[in-house]
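Engineer: Listed below are the residues making up each chain.
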Amino acid sequence: MEGTEQFIMGDTACAEGAIACGCKFFAGYPITPATEVAERMAKRLPQVGGTYIQMEDEMASMAAILGASWGGLKSMTSTSGPGFSLMMENIGLGIIMEVPCVVVNVQRAGPSTGLPTLCAQGDMMQARWGSHGHYEIIALSASSPQELFDITIKAFNLSEKYRLPVLVLTDEVVGHMTEKVVIPPYDKIDVYSRRISTLPPEEYLPYVSDEDMVAPMVGIGEGYRIHSTGLTHDKRGYPVITAPVQKEMMDRLIYKIRNNVDDIVEYEEIEMADAEIVVIAYGISARPALKALEMARDSGIKCGMMKLITIWPFPEKRIRELAPQVRGFVVPEINYGQICLEVERCSAGKTEIVLVSHAGGAIFHPNEILEVISRL
Amino acid sequence: MSGGVYHEIIISGYGGQGVILNGSILGKAATIYDKINATLVQSYGPEARGGACSAHVIISKETISYPYVHNPHILISMSQEAYENNIDSLRDGGLLLTDTDLVKRRKNDERHVSYSIPATRMAEKLGNKMMANIVILGYLASLSDAVNAESLRNAVEKSVPKGTEEKNLKAFEKGYKRGEKQKSGTG
Numbered sequence: 102m103e104g105t106e107q108f109i110m111g112d113t114a115c116a117e118g119a120i121a122c123g124c125k126f127f128a129g130y131p132i133t134p135a136t137e138v139a140e141r142m143a144k145r146l147p148q149v150g151g152t153y154i155q156m157e158d159e160m161a162s163m164a165a166i167l168g169a170s171w172g173g174l175k176s177m178t179s180t181s182g183p184g185f186s187l188m189m190e191n192i193g194l195g196i197i198m199e200v201p202c203v204v205v206n207v208q209r210a211g212p213s214t215g216l217p218t219l220c221a222q223g224d225m226m227q228a229r230w231g232s233h234g235h236y237e238i239i240a241l242s243a244s245s246p247q248e249l250f251d252i253t254i255k256a257f258n259l260s261e262k263y264r265l266p267v268l269v270l271t272d273e274v275v276g277h278m279t280e281k282v283v284i285p286p287y288d289k290i291d292v293y294s295r296r297i298s299t300l301p302p303e304e305y306l307p308y309v310s311d312e313d314m315v316a317p318m319v320g321i322g323e324g325y326r327i328h329s330t331g332l333t334h335d336k337r338g339y340p341v342i343t344a345p346v347q348k349e350m351m352d353r354l355i356y357k358i359r360n361n362v363d364d365i366v367e368y369e370e371i372e373m374a375d376a377e378i379v380v381i382a383y384g385i386s387a388r389p390a391l392k393a394l395e396m397a398r399d400s401g402i403k404c405g406m407m408k409l410i411t412i413w414p415f416p417e418k419r420i421r422e423l424a425p426q427v428r429g430f431v432v433p434e435i436n437y438g439q440i441c442l443e444v445e446r447c448s449a450g451k452t453e454i455v456l457v458s459h460a461g462g463a464i465f466h467p468n469e470i471l472e473v474i475s476r477l
Numbered sequence: 629m630s631g632g633v634y635h636e637i638i639i640s641g642y643g644g645q646g647v648i649l650n651g652s653i654l655g656k657a658a659t660i661y662d663k664i665n666a667t668l669v670q671s672y673g674p675e676a677r678g679g680a681c682s683a684h685v686i687i688s689k690e691t692i693s694y695p696y697v698h699n700p701h702i703l704i705s706m707s708q709e710a711y712e713n714n715i716d717s718l719r720d721g722g723l724l725l726t727d728t729d730l731v732k733r734r735k736n737d738e739r740h741v742s743y744s745i746p747a748t749r750m751a752e753k754l755g756n757k758m759m760a761n762i763v764i765l766g767y768l769a770s771l772s773d774a775v776n777a778e779s780l781r782n783a784v785e786k787s788v789p790k791g792t793e794e795k796n797l798k799a800f801e802k803g804y805k806r807g808e809k810q811k812s813g814t815g
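If you're matching them up, the sequences are chains A and B in order.
For the first sequence, my numbering assigns the number 102 to the initial residue and increments by one for each residue that follows.
For the second sequence, my numbering assigns the number 629 to the initial residue and increments by one for each residue that follows.
Keep in mind that the hints were calculated from the coordinates and are not lab data.
Any given hint could turn out to be false.
Stated by the list, open to error - No more than 20 Å apart at the CA atoms, straight line, and that leaves these computed lysine to aspartate or glutamate pairs for EDC-like:
{"#": "1", "chain 1": "A", "residue 1": "K392", "chain 2": "B", "residue 2": "E690"}
{"#": "2", "chain 1": "B", "residue 1": "K786", "chain 2": "A", "residue 2": "E417"}
{"#": "3", "chain 1": "A", "residue 1": "K289", "chain 2": "A", "residue 2": "E103"}
{"#": "4", "chain 1": "B", "residue 1": "K663", "chain 2": "A", "residue 2": "E395"}
{"#": "5", "chain 1": "A", "residue 1": "K451", "chain 2": "A", "residue 2": "E417"}
{"#": "6", "chain 1": "B", "residue 1": "K689", "chain 2": "A", "residue 2": "E395"}
{"#": "7", "chain 1": "B", "residue 1": "K689", "chain 2": "A", "residue 2": "E103"}
{"#": "8", "chain 1": "B", "residue 1": "K663", "chain 2": "A", "residue 2": "D399"}
{"#": "9", "chain 1": "B", "residue 1": "K786", "chain 2": "A", "residue 2": "E103"}
As the list claims (entries may be wrong) - Chain B stretches covered by chain A per the calculated footprint, using a threshold of three residues with CB under 8 Å from any CB of chain A:
{"#": "10", "region": "710 to 717"}
{"#": "11", "region": "730 to 741"}
{"#": "12", "region": "802 to 812"}
Since the model is a prediction, treat every value here as computed from it, not as a measurement.
We put the beta carbon where it would ideally sit given N, CA and C, even for glycine.
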């Protein structure tokens, strides 16, 4: 596949992105509209010396990829709404044990079984807060098969760099849409792999971090003593049930992300130079939003767009900057207002914010977004 | 849309007829061989075979932001239900291609340019009715300039199951020739 152009589905492109950056383990449970990710991984992993396991459910899938990652392999799972809910417990385990892995959520309309074959963007806040306790997470979003290929690689890189599960949030339409995807030669792709400790086994402690607050890893089974647990733990990985150790561990989990926001956050700005009205969009909604922007420009409205690639951590610095400079933000999303809440928080009352809401099951027609832009 | 090439196409039929594969072949011809843009989105019921399904394809020189088709330039219908569901959306002057034996068209449709081909029967004669979709692609290649015929041939060859390329290309040519004859009024 490398060095070729393909006309492929978003889900397939996602799997190809994983293969391209060295993913060697996939455990999952099929679910519409994410099944094609698993299907492609089942075909491709044996070709590259990797392992595919179909698990009994999503809880086990998540547990399996955490184990594989501790074993030294880049690992991934994919799912949709109902499975994403089931994964939440073990995503938290991945956060506290600091395990690099990638979780793909091809969103469909919920709650519950909802509309299995139709799209939504209803899991944005679940991605942020779905597991219990306070933590930082990284989540990325894509609006085309090419972007899904690219951000899957970025997700692996960030997960390896910051030692945590990274979420890829896409949706049914992007997942099932077929478009041209350019797959570069693999040696031309920037790949970041986890920092491996150079210390001898007698000196190594699994949770002693470097200056960036990320601790180097070793593979289980390589002669090192490793203890990892979902309980609050010290540098050795041993459970210590006290407030000071909780603070030490939590500070690391939180600030390894917060201190590196500029490295993690990515967004795209379109026609922003003179923009008075800015559409903030992500995923599939960014496509009709772009069309609406073009139509608005044609009718003389100074409209720009900020397309979010990193959803979490939220690109709040840029939105704080923009808020006092613009007449308004328009936020189209296929839910009843999730990312819009973040835009409101970051704008702190300095500009008008209009949510364009869709219940799910279809995507916006550009006219629906244009109408709101024109009224503002 | 400015900038030349722009076609919105709906291919519709029931699951198992190769409707989605046709969408994929068209998109591949446009993107990989004609080097322009294309999107394919699909809709179908919960069943993989037998239910109504359709492929929405947009082919354009420009970037395509919105991938769904509401008023196609070209409609291909391979079942009566597919025809009834989509014919009113076909824009004025739009091109309609149907399977003669599977679709009974409304009389006196002067809004559209209509052609029909017994694609399933022709494919059966070639040994496999599963190739009806490829017959109709050849037919389309002759009757429309949405994609280059040679690009479509290449895309057919790369998209059908290994070992069936020759048969499928033969099916494509049957459809293409039928279109050429009908265009020139000799068919």
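Engineer: Taking the numbered hints from earlier one at a time, note which ones the structure violates and give those numbers from smallest to largest.
Structural biologist: 2, 4, 7, 8, 10, 11 and 12
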